[in-house]
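Protein chains: 2
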Amino acid sequence: MSTNPTPRTRVVREPDRAVYDRDAVNRILDEAFLCHAGFVVDGQPFVIPTSYGRNGNVLYIHGSAASRMLRNLDKGIPVCVTVTLLDGLVLARSIFNHSMNYRSVVILGTATLIDDPVEKIAALRALSEHILPQRWDDSRQPNEKELKATSVLRIPIDEFSAKVRVGPPIDDEPDYSFPTWAGVIPLDTRVGAPIRDERCQREFPEYLRNYTRTPK
Amino acid sequence: MSTNPTPRTRVVREPDRAVYDRDAVNRILDEAFLCHAGFVVDGQPFVIPTSYGRNGNVLYIHGSAASRMLRNLDKGIPVCVTVTLLDGLVLARSIFNHSMNYRSVVILGTATLIDDPVEKIAALRALSEHILPQRWDDSRQPNEKELKATSVLRIPIDEFSAKVRVGPPIDDEPDYSFPTWAGVIPLDTRVGAPIRDERCQREFPEYLRNYTRTPK
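Those sequence lines, one after another, are chains U and H.
Residues in the first sequence are numbered consecutively from -8, following my numbering.
Residues in the second sequence are numbered consecutively from -8, following my numbering.
Hints are not guaranteed to be accurate.
Examples of chain U residues toward chain H, derived with CB under 8 Å [claimed, not checked]: (1) H27; (2) Q35; (3) T73; (4) S85; (5) D107; (6) V109; (7) I122; (8) V155; (9) V157.
Far from chain U by the CB rule (all over 10 Å, computed), these chain H residues [as the list claims (entries may be wrong)]: (10) A28; (11) G34; (12) N46; (13) N48; (14) A117; (15) A140; (16) I148; (17) W172; (18) R181; (19) V182; (20) E189; (21) E194.
Because the hints were derived from the structure by calculation, they are not lab data.
Keep in mind that this is a model prediction, so the values were computed, not measured.
Note that beta-carbon positions come from the ideal geometry of N, C-alpha and C, so glycine has one too.
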């Protein structure tokens, strides 16, 4: 499903890298779990890293990760949520044509606090499942006091765009003879060997064994 | 060297994770090379991923990566530059105490366009060296036309804070008996096997062979 960009989400630089397709955007959102949320206080932008979850066309973030934001949240505040997957360094012959391969999504919207306790717990579950599927059911779930101490924000995924660069460097034709190595150095997120908590006696469970962010 | 936080950079949530030491902040800035730059247009925050370089107490970013920002840049605009290194998922017994290990830096400041051609080329070189040391000298360097087409922004690293979480999960005492695996799943950036451009004849050079973001 393709969606028309608004003047605010239309990609200005390198428009050939723009993606406005909702399914493609969702694939990026589902591979990552860290976003950078931007909001404004007294004219000053703040950008805070935080995890997120997705349920259909709604993004959820923990309010607790952005208390500066929450202090300014009454009927909702304008936010920008940006998600970036870095896929590689692109080494061209010229410095000017060096680049990166990446997939990024920018969502503009209004973040509102979730009051409804049923939506709140569903949002927290979506957040947990987004980061680590099956973990929710294998953990001690939130009690009433913890739910009260946690704020969850709801951001509709309505106004968005993505930007994607893939493939080899593109040099100016005369530069192809320049004597240097050119190509791509891939980058991705590696999952390391688990470090068991010293007070933990349990076996490392199956659902964690093959944890990866890369979709099958 | 430690620096006092301003009311704007004082860490509000989990203040025990706050770091205001400039050397510690510089180590985070030097390990990463991707930042998320936030700025405001008509009250709406925008957050754009882009690479950066550092020279002493100055951060440089490509203006071309944020043309929406540049269109609004006359005498400088307020920005927030956030750099995040994600080090692991922290699996506690309770959902509530799940966390992440991370190191992040938030810099507030005013971004100004570099006019001076000498500073501009020094900034571009700092950017290049920051991402990939020795690459600048092994590339076809920018010509006058390319320099004109590139905008570089200067952001002083004066008002900043960092937030760092390390170590195992911290559970509420009664939860330690909850029957689940607990510990840390480390995450880091992996450098993959280089993909040579099909029109490249050169050997893969020594300075790229051991490329890593992890400091020795």
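How the hints compare with the structure:
no., hint, result
1, H27, "holds, 4 Å"
2, Q35, "holds, 5 Å"
3, T73, "holds, 4 Å"
4, S85, "holds, 4 Å"
5, D107, "violated, 19 Å"
6, V109, "violated, 16 Å"
7, I122, "holds, 7 Å"
8, V155, "violated, 12 Å"
9, V157, "violated, 11 Å"
10, A28, "violated, 7 Å"
11, G34, "violated, 6 Å"
12, N46, "holds, 17 Å"
13, N48, "holds, 20 Å"
14, A117, "holds, 12 Å"
15, A140, "violated, 8 Å"
16, I148, "holds, 15 Å"
17, W172, "violated, 5 Å"
18, R181, "violated, 4 Å"
19, V182, "violated, 6 Å"
20, E189, "violated, 7 Å"
21, E194, "violated, 7 Å"
The structure shown violates the earlier hints numbered 5, 6, 8, 9, 10, 11, 15, 17, 18, 19, 20 and 21.
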